[in-house]
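Student: One-letter residues, chain by chain:
Number of protein chains: 2
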Amino acid sequence: MNDDLILLGHGSGGVLSHKLLSDLIIPALSGTPLSGQDDAAVLNIDAGRIAFTTDSYVVDPIFFPGGNIGSLAVNGTVNDLAMVGATPLYVSCGLIIEEGFSRKELSAIVTSMRQAADLAGVRIVTGDTKVVPRGKADRIFINTAGIGAFVTGQPLSGANAKLGDKVIVSGTIGDHGIAVMAAREGLSLATEIQSDCAALNGLVNEMLAMAGDSLRVLRDPTRGGVATTIKEIAVQSAVTITLDEAALPVDPAVRGVCSILGLDPLYVANEGKLLAVVAPAAAEALLERMRQHPLGKNSAIIGEVATAGVGKVQMKTAVGGVRSVEMLAGEQLPRIC
Amino acid sequence: MNDDLILLGHGSGGVLSHKLLSDLIIPALSGTPLSGQDDAAVLNIDAGRIAFTTDSYVVDPIFFPGGNIGSLAVNGTVNDLAMVGATPLYVSCGLIIEEGFSRKELSAIVTSMRQAADLAGVRIVTGDTKVVPRGKADRIFINTAGIGAFVTGQPLSGANAKLGDKVIVSGTIGDHGIAVMAAREGLSLATEIQSDCAALNGLVNEMLAMAGDSLRVLRDPTRGGVATTIKEIAVQSAVTITLDEAALPVDPAVRGVCSILGLDPLYVANEGKLLAVVAPAAAEALLERMRQHPLGKNSAIIGEVATAGVGKVQMKTAVGGVRSVEMLAGEQLPRIC
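Line by line, the protein sequences are chains V and U. Residues 1 to 337 in UniProt numbering are what the first sequence spells out, letter by letter. Residues 1 to 337 in UniProt numbering are what the second sequence spells out, letter by letter.
None of these hints come from the bench; they were simulated from the model.
Restraint-style ranges between C-beta atoms, simulated for each label pair: (1) U:205 x V:63: 40 to 50 Å; (2) U:210 x V:119: 45 to 55 Å; (3) V:185 x U:5: 21 to 31 Å.
Just so it is clear, CB atoms sit at the ideal spot from N, CA and C, and this is done for glycine as well.
All chains, please: the whole structure from these sequences, using the hints.
Tutor: If you want it as structure tokens, here you go:
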């Protein structure tokens, strides 16, 4: 038996499973002794209303500049909770591992999950580990589900954008997708592009404290990028949103890779950015506040909710034209998260 | 484009993802229109204490007599919530699909998930769909997480078994594992063996109503079978549990396949059975009540919590001897759930 590799028996539910859990996974993720584990975690909730979300992560490569599949899995689910205005509290961890996966890499991944959870102020409280035969999965897939509480305030929804509202993005777009793409393709760049993978709940707390009900919509533009997410908001709120291409913050290195590869950063995934739709009177003050936060320092107003039309997004281009923005068609970057 | 197959673009987050969700997945799973979907579901909880659990399902084959990966994924998570005494309420659905997977099979699977959810009285409220390139996963993997509420009563735990308590199993053991194994290997049997895949929360409700605090432990013996689960209870409660081999209910067809293949039904997975540890004074009445429930009609007292020793399980064999029962070593039936 090779102690460095994950074996089928580690997913059996028997002796090897217990050993993997007690030696590696549980100490890293939760610290609760295995002997205290029941079929479900029992948790306190001081709220009559909760948020519940899930995402699976199949990113390739599993390690990339700025993060790995583990930190991504925690931050992604934390962000989905934060986007509806909930306080993220608890996260689950479902691992599907390919037989022969490196135990050392598994350890690095679950350690990252715990670090991300600690940074975001959430606890990983329940989990499951399955192992499939070699060739039946690609190294490791992670599912996280998350629970958040609404302590105060109303849930946010993509349906709340109103005429005249401003649209803010919390920083440069496309960083995550291009960082993963560059790592996957082994592109050698003068400046390494880092994924923006981060938990946004701290930033959201400050935004909610400042803007209150003036904050209409929050959404994180992951798969499909800013274009797809803005289009979703326009459809949900039955409005038209106009974007100003010149106002979109794009890192020069990301812009460079995008133009070489023929990608539009507007469609490239982000994992540590949010879009906010905010009442016009509150927009400038909110923008200033966001810029003071480490995760919002490149925030910019990129558009507004305009008159007429339902479910449309229009872009004022840098050269003075107007083009229609649609959701991502096809799949330009598979396995980006 | 082949309309019958799942494409990479269905996992892009863009147009094809939205179409798959609105045409197939959401109508089947929840009925909530796609336009009402935010990053997380907002749910009411009338309890200060909840249960939270997750499991991933990688069963092979994905369709088997008595169920499929979809019904299994819902029932398994419902059961984990029921085993700690919570009322299962909400379930998430994370799909990882291999490119080229049949859309018709996907439809059958999510339809089964909804049927299982309706039968169990839970709602599938949030989900995620990823598609990986052909060869990077095996058809479909499903993760479900679940939330339950403690309306009344204390959470149950595997740590509560006490000296003199009786151990009850709710029916024949090993049915699920052998049904899946037979389907996978194409065994041709005189009598088709059905998986016992079912939601146990209805049975548990009746048991809790009848036995109250006399019900010390509930656990569903899935991967690793009855042997592994009983051993876990013995370890958690720091007791010895003795089992009576002659009392173990085993379907004759399952026993037959087990003896041909050299498997011990005590280690074979169940997906619709529970183990209960109950105070001796309440055991007979509880057993009678369980036998009146469709999912408990073959319930039997199979052992008791005995004197002396910590974390041990001993089996009185049919021929009068005593042997030690340990957790499953290695992996006899990979991808059984």
